[in-house]
Every structure is written in C-alpha cells, then in structure tokens.
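Peer 1: Please build the complete structure, drawing on both the sequences and the hints.
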Amino acid sequence: MAIADAIRERRILRFSYGGALRRVEPHVYGTDRLGQELLLAWQLGGGSDSGTSVGWKTFRVPEMVAVTVTSDSFTGPRPAYKRGEHVMAKVIAEL
Amino acid sequence: MPADDRSNKSPLLPLFAPIEPYQSGHLDLDAPHRMYYEQSGNPRGVPVVFLHGGPGAGASAVHRQFFDPAFYRIVVFDQRGAGRSTPLGCLENNTTPALVSDIEKLRETLGIEKWFVFGGSWGSTLALAYAEHHPQRCLGLILRGIFLCRKSEIDWFLYGIKTLFPEAWRAFAEPIPEAERGDLLTAYYKRLTDADPKVSVPAAKAWSTYEASCSTLLPNPGLVADFGSERIAYGLSRIEAHYFMHDIFLPGNFLLDNVRRLAKIPATIVQGRYDIVCPVFSADDLHRAWPEAGYEIVADAGHSAFEPGIRSRLVAATEKFKAFA
Numbered sequence: 001m002a003i004a005d006a007i008r009e010r011r012i013l014r015f016s017y018g019g020a021l022r023r024v025e026p027h028v029y030g031t032d033r034l035g036q037e038l039l040l041a042w043q044l045g046g047g048s049d050s051g052t053s054v055g056w057k058t059f060r061v062p063e064m065v066a067v068t069v070t071s072d073s074f075t076g077p078r079p080a081y082k083r084g085e086h087v088m089a090k091v092i093a094e095l
Numbered sequence: 096m097p098a099d100d101r102s103n104k105s106p107l108l109p110l111f112a113p114i115e116p117y118q119s120g121h122l123d124l125d126a127p128h129r130m131y132y133e134q135s136g137n138p139r140g141v142p143v144v145f146l147h148g149g150p151g152a153g154a155s156a157v158h159r160q161f162f163d164p165a166f167y168r169i170v171v172f173d174q175r176g177a178g179r180s181t182p183l184g185c186l187e188n189n190t191t192p193a194l195v196s197d198i199e200k201l202r203e204t205l206g207i208e209k210w211f212v213f214g215g216s217w218g219s220t221l222a223l224a225y226a227e228h229h230p231q232r233c234l235g236l237i238l239r240g241i242f243l244c245r246k247s248e249i250d251w252f253l254y255g256i257k258t259l260f261p262e263a264w265r266a267f268a269e270p271i272p273e274a275e276r277g278d279l280l281t282a283y284y285k286r287l288t289d290a291d292p293k294v295s296v297p298a299a300k301a302w303s304t305y306e307a308s309c310s311t312l313l314p315n316p317g318l319v320a321d322f323g324s325e326r327i328a329y330g331l332s333r334i335e336a337h338y339f340m341h342d343i344f345l346p347g348n349f350l351l352d353n354v355r356r357l358a359k360i361p362a363t364i365v366q367g368r369y370d371i372v373c374p375v376f377s378a379d380d381l382h383r384a385w386p387e388a389g390y391e392i393v394a395d396a397g398h399s400a401f402e403p404g405i406r407s408r409l410v411a412a413t414e415k416f417k418a419f420a
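Heads up: the sequence lines are chains A and B, in that order.
Mapping the first sequence onto the working numbering, position 58 (from 1) lands on 58, and the numbers just tick up by one.
Each number in the working numbering comes from the position in the second sequence (counting from 1) with 95 added on.
Note that these hints are calculated values from the structure, not bench results.
Model, not experiment: these values are computed from the prediction.
Ideal Cβ placement from N, Cα and C applies to all residues, glycine included.
It cannot be assumed that every hint is accurate.
For lysine-lysine, the following BS3-like pairs were computed, each having C-alpha atoms within a straight-line distance of at most 25 Å [as the list claims (entries may be wrong)]:
1) Lys359/B with Lys209/B
2) Lys359/B with Lys293/B
3) Lys90/A with Lys359/B
4) Lys57/A with Lys417/B
Here chain A is said to cover these stretches of chain B; the calculated rule only asks that three of the stretch's residues, wherever they fall, bring their Cβ under 8 Å from a Cβ of chain A [to be verified]:
5) 113 to 127
6) 132 to 145
7) 186 to 196
8) 321 to 334
Per label pair, the in silico range of CB-to-CB distance [what the hints assert, rightly or not]:
9) Glu9/A with Asp291/B: 13 to 21 Å
10) Gly35/A with Thr288/B: 27 to 35 Å
11) Arg356/B with Arg60/A: 36 to 44 Å
12) Glu262/B with Glu9/A: 41 to 49 Å
13) Ala20/A with Leu108/B: 35 to 43 Å
14) Gly51/A with Lys209/B: 50 to 58 Å
Peer 2: Structure (structure tokens):
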C-alpha cells in the first residue's frame, strides 16, 4: 500500500486531489468512525480547496488519484505534530 | 427472434425513487485492496447484486433505482480498484477470478444464500463469469449491453468506432504520437500506468471521455462530463486497459464455451440496437449459444443503462423477475 509505505519510509507522496496536484509529507493514515479512509498530512505545495497550499490537510483516501511514493524523503514529524492527536478511530500507519 | 420494441407502444417505465443505504461498509480483501459495499431497499427482501461496468467505472447512487426497494435487498459495491474501493485504479491482483471471488466473499459476509445478478456492459461480462463459476448462487440474471471482451470487440472499441464517431476517435487517438497509433492499447497502457500524474491523468481523461462520447444514441454532455472527471476516468481507464491487455484473465472464449451451465437459470438480455461501445453482434452470439435466455433489442437505444428504452426494459425485467424469487 503506497500510503503506508510512504509513512514507514518517510517519503513524500504525490497525487492529484480535487483536480490539483499535491506533494505532502504523510503523517497518519487510518479510518474514521464510519470506516472512511483518511490521510492526515503536511502539504508542501500544490493545489488547495481552502486557499492555503502549505499546511495541515486531511484527505479522503478514495478521492486521491494517481498516488505515487516519490524518491524524496523527509526527516520526520512536523514540530507541531503530536502522535495520537487525530480524528482516526483506527490507525493503519502513523509516523 | 428477439422482441423488438418498434411494435411496443406501452409507456416507458421510470426508475424507482432515489433511496439511501440502510447499511454500508468495507471488506478487507487481499492487500492492498479494500472494497466498498452498501445495502439498500428491504433488509428482509430478495437479494440482488448490482455489478457495475468498466471494468473500473464504479457504482453510484442511481444504480439502486433499478429495483423495487420494497421487494429487493439491493446490494451495490465497487469492484476492487474502482469507485469508493481503495486504492483507486490499483492493478495489483486485479483479475476476473479475483473479482469473482470478491463477489463470493461479499455474499458470504452478508449471509446471503442466493441472489439475482444484474449487470451491464462489463457488468454483463462479470455476471456471466460469476454465474458460470457459481450457478448455484444465482436466482436469475439480468444483463444489458453484452460485452464478451473478445479480440474483435476490443479492436472495435479501439478502432472500429472511428466509422461512426470520427471526431471522438480523433480526440482519443491524436494525443498518441502517430508512430504508436497502430497499437493504441499498448500506447495508452504505457501512459495510464506512468508514475507521473501529469502523464497518467490526461491519458485517463482522454480514454474515458472517448468511451462516454460513444455511449448514447443522442449526445449526453452530463455523462461525458462525469466520465471525464479525474476520479472516474482514472479508475475506469487504467482497469479497462489492464483487463484488455490481459484478455480479461480468462481462457479464450471461456464465457461462451461455458454458457450451457446457465441453461436452467432465468435470464434476460437487454441490448440497444445502436450500442456502439458493445455492438449487438456479441449479444447475438450470446443469445444463439443460450437461447433459453430472454432477449430484447431496444430499437432506439445506444449503450448506456439510462437510455430511455433500456432503462424501461431493465425496470420491467426486475419487476418480472420477482416471480422467480
């Protein structure tokens, strides 16, 4: 699974979402209480629905198109990130 | 002889009213696949499973509306790699035998012993493959826009359609350099499986838009826009090309060679005369091999399940099949 692999290997993910290309540092991949798959990530750049192209974003995994694990790595969690503080009911992979 | 609706003056039947599922969930398949499913209608009703097209098109809310929700327990799911199943467009272990076993896994999970199977286009292909492997699980089959995925049908899709839709075909072929157009399937497969979304996503949109543009008797811009959306296009084009490249992962002519296994199952075939995506010759071949199945050619319809005459015949079929429950 590309998303879990990217978290494990600390690789930047690239995909298209809402019609725009994104590059993100994936932090937590899991499911919410309804079983919907979500990804919490720090977006490095690309498109945005909210008007902010850099920052924390939660993505609905079934809507992520052309997900690719890039060869670019990142060093680890963003300073503001607190492990366990997220909306996931079940965690599949976490930094 | 098939019934031909030129003589049929009865009014067209509408779809049933929109409904919401009473339950939905996900099944973990072999990694990395996770499959979305939902149930709507009557929880104690007669089960029917809806098989969407493509492969890779995914199902949508309107597909529930072919069935009387007071009578049927309506099971809709997205085949691996399609729609709300994840990962979207994933080709790993994505084969016809895998899809057939996913249907069985879903049936067992839901505690269903037997069900009706309803599918159009690729959904008809998969319905035949499923029923030929598990005839004892099928109460009946309702099939539309027959696709047997033979070489003649794939060649027609890639090149033959040019005869009737030259504009759509040019929009499909022209992004591919002329030197590669002799094998459009390989050329597209290469681009659709490229790791760079800037390559794969435009190829996906071109493929999917081409298919939608040729799916209806009269132009349907809404359908073309839907198919051209990134999510539908990506799942549909990649999985279709993958199945076409691999002869749907079944031995040659498997579906016709094994159709006698279905001889005792109530079945009906609904086919648009002007279906350009899945031309009538395949429905004709199927019906000659399986004359026990009902066969209706809709005289004024193309491929889509939502062509008025096809929609009406499909609803009439689900009503008629209540008697076989």
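Peer 1: All the hints need checking, so say for each whether the structure fits it.
Peer 2: Right, here's what the structure says about each hint:
| no. | hint | in the structure |
| --- | --- | --- |
| 1 | Lys359/B with Lys209/B | 15 Å, holds |
| 2 | Lys359/B with Lys293/B | 50 Å, violated |
| 3 | Lys90/A with Lys359/B | 46 Å, violated |
| 4 | Lys57/A with Lys417/B | 48 Å, violated |
| 5 | 113 to 127 | holds (count 4) |
| 6 | 132 to 145 | violated (count 0) |
| 7 | 186 to 196 | violated (count 0) |
| 8 | 321 to 334 | holds (count 3) |
| 9 | Glu9/A with Asp291/B: 13 to 21 Å | 20 Å, holds |
| 10 | Gly35/A with Thr288/B: 27 to 35 Å | 29 Å, holds |
| 11 | Arg356/B with Arg60/A: 36 to 44 Å | 41 Å, holds |
| 12 | Glu262/B with Glu9/A: 41 to 49 Å | 46 Å, holds |
| 13 | Ala20/A with Leu108/B: 35 to 43 Å | 42 Å, holds |
| 14 | Gly51/A with Lys209/B: 50 to 58 Å | 53 Å, holds |
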